[in-house]
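Here the numbering used here is used: the first residue of the sequence shown is 1, the next is one more, and so on.
The hints are simulated quantities; they were obtained by calculation from the structure and are not laboratory data.
Here a beta-carbon is modelled for each residue, glycine too, at the ideal position from N, C-alpha and C.
Heads up, a few of these hints could be off.
The calculated label-pair distances, taken between Cβ atoms and stated as ranges, are [stated by the list, open to error]:
{"id": "1", "residue 1": "Asp-87", "residue 2": "Ala-204", "range": "35 to 41 Å"}
{"id": "2", "residue 1": "His-140", "residue 2": "Arg-34", "range": "36 to 42 Å"}
{"id": "3", "residue 1": "Leu-100", "residue 2": "Ala-204", "range": "24 to 30 Å"}
{"id": "4", "residue 1": "Ala-33", "residue 2": "Glu-154", "range": "20 to 26 Å"}
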Amino acid sequence: MLLGVDHFVVLVPELGAAHKACLDAGFTATPIARHSAASGTANTCIVLPQVYIELMGIVAETPASDAWGRLLKSGPGLKGIALGTSDIEQTAAQLFERGLAADPVRRFSRPVTEGELGFSVIRLSPDQTPGLQCLYCQHHTPELLWLPDALQHENGARRVTAAMVPQGTALEPFAGGNWPALPVSDGPTGRITIAFDRPVPGDALAAIHHVTGVLIEEAQAS
């Protein structure tokens, strides 16, 4: 199916170890930063054009982090997909009209070197996407995330080309839309396919898999 993915959420118990594994594999992973206190989470991101990868850890028990905590009990992995929107309020109205259960709009922020990164999300009911926490995300300060330096990766990573998620068929009601689409399929484990300019050592990608539960696959040259 084709999904308008903004970013993938990889949930991990040890965010520092996941950050190091990504750096060792040649990715430019952003410094670990805490979200606002209400979120109870922290992250590091592998920023790529259009679709990025967020590695998230839980730092405090809050109502907002509770759902992530339940998902982490089954182990690390690709546990969330954020679908993109340029108008979060309009998306909320459309979900209501379609009878799709979702939380109210929540607004979060986190500090970055260049300022305060802000975004709004709508979380879909986990009953609709078992094993996944799916949401819609609107970035209010995209210029603070997609920074030129963050997009440059020593290993030659260029872009996400596809993904596989467990129980991915549950996402079919959210396919399409007006956001740039990415092929996402159903499979037994989380997998993210990335186009690189050069081969990446297999042991480096295996180390990422070990600490995150997600397979990073090199896209086949066309």
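Hint-by-hint comparison with the structure:
Taken as a hint, the range 35 to 41 Å holds for the pair Asp-87 and Ala-204, whose Cβ atoms sit roughly 39 Å apart. Roughly 18 Å separates the CB atoms of His-140 and Arg-34, a value that falls outside the hinted 36 to 42 Å. Between Leu-100 and Ala-204 the C-beta distance comes to about 40 Å, which lies outside the given range of 24 to 30 Å. The supplied range of 20 to 26 Å is met by Ala-33 and Glu-154, whose beta-carbon atoms lie about 21 Å from each other.
Hint compliance for this structure: hints 2 and 3 are broken, all remaining hints hold.
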